[in-house]
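K.L.:
Residues per chain, in single letters:
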Amino acid sequence: MNKTWLVMKTMLKMHYSRAGKKNTELMLLLLAGLMLIPVLFLYINLVGNAVSALYQFLEPLGQASSILGMLFLTLHLLLFIVSIITVLSAFYFAEDIESFIPYPLQPYQLLLGKATTPFIYLYFTVIAIYLPVFFFYGSVSGGSIFYYLFGIILAVLLPVIPFTIAAIILMFIMRFVNIAKNKDRSKVIAGILTLLIIILFNVAIRLNTNTEDVMEKFASFIQKQDGLLSMITAFYPPAYISAKALGDFSLVSILSFVGVLLLTALIFLLFILAGQRFYLKGVLGVNSGNKKNITTSKILTRVKNRNVFTTLILKELRIIFRTPTFFMQCVIQSLFAPIFLFIIMMLDTNSLGFVMDSFDPKKILLVLFLVTLFVFVANATAISSISRDGASWSANLFLPINMKQVFYSKIATAWIINLFTVGLFLGILLFAIKLPIEYTIIWLVIALLTSWFTSALGTYLDFTYPKLNWTDEQEVFKSRMVIFIALLIEFVPFGIIGMIVWKMDAVKGIMPTTIVLLIVLFIAIGVVHYVLMKKLSNGDHLKI
Amino acid sequence: MIEINNVTKDFAGKKRAVDQLNLTIPDGKIIGFLGPNGAGKSTTIKMMTGILPIDQGTISLNGFDIEKNAMDAKKIFGYVPDRPDMFLRLKGIDYLNFIGDIYNIPTEIRRKRITKLTQLFSIDHALGDYIQTYSHGMRQKIIVTGVLIHEPEIWILDEPLTGLDPKSAYTLKEMMREHANKGKTVFFSSHGLEVVEQLCDEVAIINNGKLLFYGSLDDMRKQYESNQSLEQVFLELTNNE
Ligand SMILES: Nc1ncnc2c1ncn2[C@@H]1O[C@H](COP(=O)(O)OP(=O)(O)OP(=O)(O)O)[C@@H](O)[C@H]1O
Ligand SMILES: [Mg+2]
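So the sequences go chain by chain: A and B.
With the UniProt record's numbering, the residue at position 70 of the first sequence is 70, and numbering never jumps.
With the UniProt record's numbering, the residue at position 53 of the second sequence is 53, and numbering never jumps.
Just so you know, the hints here were simulated from the structure itself, not pulled from any lab data.
There could be a bad hint or two in this list.
As the list claims (entries may be wrong) - Which stretches of chain A does chain B cover? Using the computed rule of at least three CB atoms under 8 Å from a CB of chain B, they are: (1) 236-246; (2) 381-395; (3) 399-410; (4) 535-543.
C-beta atoms are modelled at their ideal positions from N, C-alpha and C, and glycine is treated no differently.
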């Protein structure tokens, strides 16, 4: 146990080390936190209102417990998806495991050490979603002391079950994928496929539920006390007993609570056993490259002359696509937002078209612009522009390359990767929302400019707070507050501008709004380029 | 020609890494750069190559100031860093192609030089593999190949012989000799005194960031009784600090 603890501590230290970080970063983090407080207020208010409204509607029917059922079910699903992503990167794409292999440690100890990082993300999710709903439900339903006691303990245990299910599925798959020659690539593919299948599975279930059927059942379930809860959680017992444990204090709630404890313990044990058996088999072994024997003369045909700018971009793209961690973070993760949006659209297209019709053109464009900004904001490619180079960064300094060119190539790379997102969005706008063509064209121009702006801003911020001395690619994206700053810079001014334009009667109709947005974007891009060039002529690239 | 004038470098909270260094290195010579661990060799080399900013003083390469005229200066030299762990996610051939594009080498010449050099180093079979799968020595060799693709006027190497097998070390030494014979400059740091003795026209010895000796081996023998070996001189020089 001591050793397990040691492994966990060491791994966390390696990930969150503050070596080479400036103190100003901490200050900015604090500032960012302060500025997010109003947003937090808004969010908590929103949750509070929603919970009490639902409660007032369901309580007279004797179905209030279904709120908890929904909460647990949604949370388990969400935690499961977050687990898949984080387990994939922490267990399979992080190479720091190799430095631990030579020591006399059990596989399960390494596994637990590796699990700490995903758990941090899972607890963030729990804090953000479970806690507010839990407290509001408690206050409207007048929860007893046991409600709060059990609920807090459940919050601590919540991530275990979804995490374990995700981890076991992945360990099992990777155990077999790891035989492939190009291990990096096959692991990435296996990971993406798993995720896709899960998402599709969800969509399929939703689409297949016959509404009339459900309504009928609904009517019969609603007759019984807590019938709705049973219906919602019919396929997933952990959510059912968790919700039961938080019901009115009685023998049932105590038994359910003990049940959750037992189930969690059992599943955790299963995780350790499976890990001990499968984990190392799925993770060890280095990429052996392609073993097809290509003759040298054939390789030499790949020698081609390109101009410096193209070759720099090509280099960046190659590195992103060939490094599993970069690929996951920069390409796959950036597709999430549009894919999720798409799923929601698929389920509920009519109402959105209706919303579209009721808005005036200015508002449609403004909403589109803000949504686009939001999707590009956490642009992992841009905010890792410099840090991705790691030990190779010095090559930019000793090779005869113009620094401006280096930076433009990095911005362009982020912009190119964003094209995937733009493309997906274009599809959604055209086919799911059926946006009129003139709006679509205007949106496209605005989106491409917005993408350049966030790419340039992300690159500038990464240049200001770079993280070059990493040993594992994961560190490039871990505990980086650059994302936070980017969020702040992009939302506060643009939010305010958006609001002003929204209210301003002088700006009306498609063309004026478009022109205003274009002017704002050009100014924003100009400012970012100006500060970036200023930093370069200041020689800051030598100081990182 | 390399001119290092009164160069000083400080790292925050440490003793001076390089202290008032003056050194002028003529063309067509091989120069060995010696000194104990932490003497300031890599720091000096990093300032010469534009990786580290110079706190005081100037460095120019063939008359181009590395700070004021960076682009022209950088076109003149090729640099082999002490840790060859760069561009690991590129394939060998991608890396060489990248370097070729940066220095704008015509395709035909590029092909010819890649073939010749990789065969000499026996890494031609690995060109299609990721550099990540290369051994330390192979990584060293691919970077040397990258440098020689553009035949720089000045060749700067930081501990190039560590980790090379005897045959590759021999090949590399031959290449350095050949490079100097073409009238170009080779400047390298090393801990191998025999190598320096057998290869170098001149040596520079530093300790604690200060230059202790610069001159030919003959000068050294004259200055410190002729029968002493380089090893003894080195130990003596670096000890009495
Ligand atoms: N990035 C850095 N930050 C702080 N101090 C540094 C840094 N790089 C080098 N130093 C310090 O500068 C001094 C000179 O280091 P340098 O790497 O130049 O030595 P060296 O002669 O190359 O040694 P070696 O033979 O071990 O390679 C040392 O005291 C070292 O601690
Ligand atoms: Mg050194």
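K.L.:
Are the hints correct? Go through all of them and say.
P.N.:
Hints versus structure:
{"no.": "1", "hint": "236-246", "result": "violated (count 0)"}
{"no.": "2", "hint": "381-395", "result": "holds (count 4)"}
{"no.": "3", "hint": "399-410", "result": "holds (count 4)"}
{"no.": "4", "hint": "535-543", "result": "holds (count 3)"}
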